[in-house]
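Sequence lines, in order, name chains A and B.
Mapped onto the working numbering, the consecutive letters of the first sequence carry residue numbers 13 to 382.
Mapped onto the working numbering, the consecutive letters of the second sequence carry residue numbers 38 to 182.
Where hints are given, some of them may not hold.
Stated by the list, open to error - List of simulated lysine-lysine pairs, DSSO-like, C-alpha gap at most 30 Å:
id, chain 1, residue 1, chain 2, residue 2
1, B, Lys81, A, Lys362
2, B, Lys164, A, Lys62
3, B, Lys49, B, Lys81
4, B, Lys39, A, Lys263
No wet-lab data here; the hints were simulated from the structure.
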Amino acid sequence: MALKTDLVTLNIGPHHPSTHGVFRMRVTLDGEMVREVEPMFGYLHRGLEKLAEGRTYTQIIPFTDRLDYVSSMQGNWGYCLAVETLAGIEVPERAEYIRMIVSELQRMINHMLAVGFFITDLGAMQTPFLLMFREREKLVDLYEMLCGQRFLYNYMRIGGVSHDLPPEFFPAVTKFMDEFPSYFQEFEDLLIGNEIIQARAIGTGVISAEQAINYSMSGPCLRAANVDWDLRRDAPYSIYDRFKFDVITGKNGDNWDRYRVRMEEVMQSYGIVQQALEQLQEVPPGPVKAKVPNLLRPPVGEVYVAIEAPKGEMGFYIVSDGSIAPYRWHVRSPDFINLGALRDMAIGSKIADLIATLASIDICLGSVDR
Amino acid sequence: MKVLAGLDIEAKIQAEIPESVVESDQESILIDSRAIPGVMRFLKDTPEFDFNYLNNLTAVDYLQYFEVIYNLTSMNNKQTLMVKSHLSGRENLEIPSITHLWQGADVQEREIFDLLGIRFIGHPNLKRIALWEGFEGHPLRQDFL
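Here chain A stands alone, though its shape is the one from the complex:
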């Protein structure tokens, strides 16, 4: 006789440690199997797009810190790049290199934390997570030297950056760069051969390349599904054409591939930072900010500019009406759109794998809800 069971509706979040903030899902379960997932957004919606319509272009920069607060530098960069494109502002070369260094260090932070959280959600309690935080702490100290902030930097300005790198930055970053590979290797050795991680991550949360493109996924999630696409290489902005780096792709688009893509991208970013530090030696000292009026009035028009942020394509759509504030300010946040694919990735899996899949998408509710 077949066993007849009822479906159970379970609410996960918004206040749950594995939802990475205030994300909420309504899950329909058949025993342990997920039958339906309904993601629910908006618990951190602050109306940043509306608020920006009443601020000057410079006053909006702190908002971009608070989008994806795990990688604030990249938010700064995307926004400044969009306004510079709109207003036709040239950024000094030195500032381009500084932006490159701080942003690629930021990508390392983001990916290390993403993997740390992912492993924690697989049940590895806090050890790998704290190992990642140990490395992040050193980078955060570097940022503190730059701009006095450890988390929400507000470092970039339209036309450059707020300060040049302080003299004490160089020995500190050299020390970090010397030590990092061996620390990172330690982390790799702990995890890569771990049987439990392999059992939990390989073959779970699968998404195919066609589906990933169809869902407009971007960043490591897209590349893990074996789509060779990286805006840094395919639509180079700033000075990315001067650096050598590989675009890492996965094969199967499962949780394991997303984890591996992030880990390998950390080392690619490390390589970019190293090249940037070397090339910066050749750049003579000079201004780090173009001459931009405090109350910038970009010409009437609109622009869509996207950068390859750690979580994916972060785009800014800005409409200027020629006044000191944007007429419309829209952010294309990568993790918001990546989350759209969660339902497809999770249906038919076990509920424990749903938690792992959510962690491997790497969301930050600041930019999901805006």
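Take the given structure of chain A and dock chain B to it, following the hints.
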């Protein structure tokens, strides 16, 4: 990455779907809102364009009309295009959904519906996303505050 000019492709779209293009310029192409699904399918399926990736979908309130903006990318041909569509009036704004072509449009169309009050006809699950059910008004409209 090449940015396709609306002017260059206007004739090809017009030949496939008559009376669909309203106007075009260097940066974008303006499509009649009723022709959006047809034009989008044409842009997605024709090998010459092959726009397989929807980057961004948003809308702007210009008071006299609403503008819906689609940013498309072709990963194989390395080109991008900005497609726009206008909706006049302030009430009962409707435009066909493109979720059947790109599922990535799903959450973005819901966001526009929530914050600007444009209904996407054919969307499988059109309800508020950032704000709660029962919220009055649409905050990103220029006359909201």
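Violated hints, by number in ascending order, as checked against the structure: 1
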